[in-house]
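Sequence lines, in order, name chains U and V.
Sequential numbering of the first sequence, starting at 1, is according to the UniProt record's numbering.
Sequential numbering of the second sequence, starting at 1, is according to the UniProt record's numbering.
Don't read these hints as lab results, they were simulated from the structure.
All of these numbers come straight from a predicted model, not from anything done at the bench.
Please note: incorrect hints may appear among the correct ones.
It does not matter which identical chain is meant; a pair holds if it fits inside one copy or across any two.
What the hints assert, rightly or not - Here are the simulated lysine-lysine pairs, BS3-like style, with alpha carbons at most 30 Å apart:
#1 K226 to K273
#2 K273 to K38
#3 K38 to K226
Listed below are the residues making up each chain.
Number of protein chains: 2
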Amino acid sequence: MAFAMSTGADAQAVPLTAQDSDPNAMGWMQGFPPPPDKLITQPDSNYFSFPKLRWSVCHLREFLPTEEISRGLGAPVPLDYPTPAEFADLRSEIDNLTFMPVNGDQAMTWEESLYANYTDGMLIIHKGQVVYERYFGCLEESGKHAIMSMTKSITGLLGEILVQEGALDETLLVRDVIPEIGDSAFATATVREVMDMTTGVRYSEDYSDPNADIWLYSAAASPLPKPEGYEGPNGYWEYLQQVQPDGEHGISFHYKTINSDMLGWIISRVTGKAVTELASERLWTRMGAEQDAYQTVDGKGVPFAGGGVTAGLRDLGRLGLLMLNGGVINGERLFPAEVVESIAAGGDQSKFAGFPTIPNGSYTSQWWVFHNDHGAYAARGVHGQTIYVDPTAEMVLVRLASFPRAQNGFIDPTSLPAYQAVAEFLMARN
Amino acid sequence: MAFAMSTGADAQAVPLTAQDSDPNAMGWMQGFPPPPDKLITQPDSNYFSFPKLRWSVCHLREFLPTEEISRGLGAPVPLDYPTPAEFADLRSEIDNLTFMPVNGDQAMTWEESLYANYTDGMLIIHKGQVVYERYFGCLEESGKHAIMSMTKSITGLLGEILVQEGALDETLLVRDVIPEIGDSAFATATVREVMDMTTGVRYSEDYSDPNADIWLYSAAASPLPKPEGYEGPNGYWEYLQQVQPDGEHGISFHYKTINSDMLGWIISRVTGKAVTELASERLWTRMGAEQDAYQTVDGKGVPFAGGGVTAGLRDLGRLGLLMLNGGVINGERLFPAEVVESIAAGGDQSKFAGFPTIPNGSYTSQWWVFHNDHGAYAARGVHGQTIYVDPTAEMVLVRLASFPRAQNGFIDPTSLPAYQAVAEFLMARN
Numbered sequence: 001m002a003f004a005m006s007t008g009a010d011a012q013a014v015p016l017t018a019q020d021s022d023p024n025a026m027g028w029m030q031g032f033p034p035p036p037d038k039l040i041t042q043p044d045s046n047y048f049s050f051p052k053l054r055w056s057v058c059h060l061r062e063f064l065p066t067e068e069i070s071r072g073l074g075a076p077v078p079l080d081y082p083t084p085a086e087f088a089d090l091r092s093e094i095d096n097l098t099f100m101p102v103n104g105d106q107a108m109t110w111e112e113s114l115y116a117n118y119t120d121g122m123l124i125i126h127k128g129q130v131v132y133e134r135y136f137g138c139l140e141e142s143g144k145h146a147i148m149s150m151t152k153s154i155t156g157l158l159g160e161i162l163v164q165e166g167a168l169d170e171t172l173l174v175r176d177v178i179p180e181i182g183d184s185a186f187a188t189a190t191v192r193e194v195m196d197m198t199t200g201v202r203y204s205e206d207y208s209d210p211n212a213d214i215w216l217y218s219a220a221a222s223p224l225p226k227p228e229g230y231e232g233p234n235g236y237w238e239y240l241q242q243v244q245p246d247g248e249h250g251i252s253f254h255y256k257t258i259n260s261d262m263l264g265w266i267i268s269r270v271t272g273k274a275v276t277e278l279a280s281e282r283l284w285t286r287m288g289a290e291q292d293a294y295q296t297v298d299g300k301g302v303p304f305a306g307g308g309v310t311a312g313l314r315d316l317g318r319l320g321l322l323m324l325n326g327g328v329i330n331g332e333r334l335f336p337a338e339v340v341e342s343i344a345a346g347g348d349q350s351k352f353a354g355f356p357t358i359p360n361g362s363y364t365s366q367w368w369v370f371h372n373d374h375g376a377y378a379a380r381g382v383h384g385q386t387i388y389v390d391p392t393a394e395m396v397l398v399r400l401a402s403f404p405r406a407q408n409g410f411i412d413p414t415s416l417p418a419y420q421a422v423a424e425f426l427m428a429r430n
Numbered sequence: 001m002a003f004a005m006s007t008g009a010d011a012q013a014v015p016l017t018a019q020d021s022d023p024n025a026m027g028w029m030q031g032f033p034p035p036p037d038k039l040i041t042q043p044d045s046n047y048f049s050f051p052k053l054r055w056s057v058c059h060l061r062e063f064l065p066t067e068e069i070s071r072g073l074g075a076p077v078p079l080d081y082p083t084p085a086e087f088a089d090l091r092s093e094i095d096n097l098t099f100m101p102v103n104g105d106q107a108m109t110w111e112e113s114l115y116a117n118y119t120d121g122m123l124i125i126h127k128g129q130v131v132y133e134r135y136f137g138c139l140e141e142s143g144k145h146a147i148m149s150m151t152k153s154i155t156g157l158l159g160e161i162l163v164q165e166g167a168l169d170e171t172l173l174v175r176d177v178i179p180e181i182g183d184s185a186f187a188t189a190t191v192r193e194v195m196d197m198t199t200g201v202r203y204s205e206d207y208s209d210p211n212a213d214i215w216l217y218s219a220a221a222s223p224l225p226k227p228e229g230y231e232g233p234n235g236y237w238e239y240l241q242q243v244q245p246d247g248e249h250g251i252s253f254h255y256k257t258i259n260s261d262m263l264g265w266i267i268s269r270v271t272g273k274a275v276t277e278l279a280s281e282r283l284w285t286r287m288g289a290e291q292d293a294y295q296t297v298d299g300k301g302v303p304f305a306g307g308g309v310t311a312g313l314r315d316l317g318r319l320g321l322l323m324l325n326g327g328v329i330n331g332e333r334l335f336p337a338e339v340v341e342s343i344a345a346g347g348d349q350s351k352f353a354g355f356p357t358i359p360n361g362s363y364t365s366q367w368w369v370f371h372n373d374h375g376a377y378a379a380r381g382v383h384g385q386t387i388y389v390d391p392t393a394e395m396v397l398v399r400l401a402s403f404p405r406a407q408n409g410f411i412d413p414t415s416l417p418a419y420q421a422v423a424e425f426l427m428a429r430n
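Extracted from the complex, chain U is given alone in its bound form (with noise of 0.2 Å):
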């Protein structure tokens, strides 16, 4: 795994199914000890690569030093379910639903799509209560499942938190906040720019050339001693601080995942509190949380803010109702409405291009914003992970996922048009 995102990299050309892929069928890391082909090891194997990473999304703290996000001493608030007959005829109705794929010419069933996906957990929350909950290879309801790029949209969540209560303030350039940051092209951002990935900043991430800064963020980030003669950035804070400028900042959005580590180190340095402390804080010992959730640390103890959490399918569907509800969860408000209408509002339409699923798109404190009939938007990972929040539908649709290749173009086809089913589905039923 690279330590500043999945790669991806060795997926293969024509991937195994998701039933041939399975970590369970596969027989990874089964066995005391497993047989030497079933190991998948941090130092010796790239267990980050499909098909190991199956197994891999569920194990991340069994590679890597992590810091805990408590959910705190407390009891946990159970979701409410329906009644057991209600909830299989649910399932079932849901499972039959059909929709046609972006860009296909044949209709496929919500379950089919769970595979077509490389589904690990599905679970879909309406009007407050749960329609539909699938648990597929490495994850069961008391396990967890790294998030990846959903991450951020929890980075800048708390980020749009402080700045709604007046905490942060988003004009500020980042050497205002972080004078340190020196001459790098972060510098010169406001706030709301690095928030909204608005940045004029370089950071390519082709994973086929070894320069690429991807490569070179990885190993500033990697906790493994570096290797001998290594003279780049320790960490991910020093890895900000010499960042160079492409193009201006604040004339569109770029996908980089530098960004949200930059809003980390902000939000910590206002608050004086890591990322995953103010995550526990201000979230998950709040909302009722079930499980723990823990976040990967570079050499020095610094969370990954653009992708380090790994969390429980139901504490993201906490998460999901928290924004649907306007930041009241079990009759608690735990943050200002205001974050969440200035999030579902989306961001500057006109910047943000490139992304053929997300037409007429927009990114905004790190969540995707999809300007769709629905109001809907999203945090996304790279491999299919998501929480889907479709406030016209009340519904919030969790999804772990362990596709086979880190890009969700190859995912979004047969997802989207599917959340827009089901939440149609459920409008017409209720």
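Starting from the structure of chain U, add chain V where the hints point.
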């Protein structure tokens, strides 16, 4: 840190006091980023030496890969407390108790002993009620602390449960359970000899000898990439396969950590479960635990059964209650009463020698038995951690600590008589 066991090798001749080495006072890892001289990192600094140790004992997962010992998804069962006024009175009374240290010539107060032993957390439960609870240094009620060799007692408890339930035959030879142990000195030891550490196996822990087995074990166990040209064993279990003999099995007790990992392997082979999974199933999910625990792993994901667990103070108190009450907690029986009877009865005292502070003791199923008037027994960690069970006083005492040197011989003189004093105080009280 040695991955096999703390060394304390860098402890200073005259270490800082508990107050002066308080990690908050020393400023370790404060600030975003911390100043360079306050950073504690895995690759570059000796993070498990005093005084950094005093911070790191609460943060092991931030340095190392770990596996969760899950508490499950249910509600914790709170411990019972007196009224706040009674609780405050009790604290005052206990803090002012005096006792005579072993071989000492001057009485010491209970509270003085806490600082003398670099205590990070102290919990005392009497007749099912918490009568004393304090946190120091890096620990707080929602925090967790490395318990080091107390881990052995959890492994031993799981082993004893399997023995009493008939799932593990303690008279079997190791090679009958694990054929691939091969020509290791362990092959011809019985399971019981492994459990009681009366095997005749070579394992030196002379930290001043660079060829001591502890360093070889540590190198095998490290989850970091092996050094160039490394040809030694990879992981705990490969190490165990090549252990050399040292004397006969069954003759005398030798405190050697490799027995605990041998037992861990036996347990996993017999149950088909990692010790983390079994500890979760049999203990953590059923004792009303309020926090997950975790356990460090080697490069192949094998938990360190001899020292890898980190847990919360109160959950260790729950474990002590389970022992005190013969396998019952919160009205539920988790394992047969014979498990505790067997452990509390102790091992063969004639095989036990070399521990001046435990003159008549024994060791069985990885628990220390004092054979004193109160029938006390304990789990013990090398930096002063303990679960101390006193059946006569109906008392469970848990201490988490970060004593500068990794040797209980320095800690016991101001600890064991203090435990006895508080037990007598509680017995006299009601």
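Out of the numbered hints, which ones does the structure contradict?
none
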